[in-house]
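Those sequence lines, one after another, are chains A and B.
The numbering of the first sequence is my numbering, which starts it at 1 and goes up by one.
The numbering of the second sequence is my numbering, which starts it at 1 and goes up by one.
If you're looking for bench data, these hints aren't it; they were derived computationally from the structure.
Among the hints, a few may not be true.
[Stated by the list, open to error] Derived pair list, reagent style DSSO-like, types lysine-lysine, alpha-carbon separation capped at 30 Å: (1) A:Lys55 to B:Lys70; (2) B:Lys16 to A:Lys57; (3) A:Lys55 to B:Lys3; (4) B:Lys70 to A:Lys71; (5) B:Lys104 to A:Lys13; (6) A:Lys3 to A:Lys53; (7) A:Lys18 to A:Lys53; (8) B:Lys3 to B:Lys70; (9) B:Lys70 to A:Lys3.
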Amino acid sequence: DVKVTQSSRYLVKRTGEKVFLECVQDMDHENMFWYRQDPGLGLRLIYFSYDVKMKEKGDIPEGYSVSREKKERFSLILESASTNQTSMYLCASSLGLAGGPYNEQFFGPGTRLTVL
Amino acid sequence: AQKVTQAQTEISVVEKEDVTLDCVYETRDTTYYLFWYKQPPSGELVFLIRRNSFDEQNEISGRYSWNFQKSTSSFNFTITASQVVDSAVYFCALSEALKLVFGKGTKLTVNP
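Model the full assembly from the supplied sequences, consistent with the hints where possible.
Below is the structure:
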């Protein structure tokens, strides 16, 4: 079974802090994704990576950056956290890209981040 | 751009009722994939099914069934004889180039 783990289930940070959210997958998947989920807005893609050291902006990249130094690990960074970044953050991975086979994404348990 | 619409924001049923969750999509691609995911109260999205645009055969898995109709751009999900454990938010998604586009989700509550 694919296992996607996220470093924290709950996180509380203060405005202006630098925040790191870590995601690790154990199935040698090429592609990894970061989403945020907010009530009424569904899942919105922040960034994704289709290879080590490669990254692509999603629909809402502003205020975020990412790092993928190793295939299994994809980090989401909030350089200076703000209250409007309070949200549920979901990491996912897939073997193939969305347009081809093996494209189902497998999700981690999520990190609920609160910025005070 | 691709779009996925789940018009039902919330549905509430009584156990053993059948329930259908609607998903309508828009795409200009001739080859695409559709997905359903379940998000129980614990929060983790669980992959349920993937369908490609060339396969319009309906699929059944236990109490779950999916009806894919290209003519109406719909990929609906039916739960037969619903159970309390089916209570969750269900998301429909569509492939777009390198990523998936998700609908806003339908919250299903099954009452005992």
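Contradicted hints - numbers only = 1, 2, 4, 9
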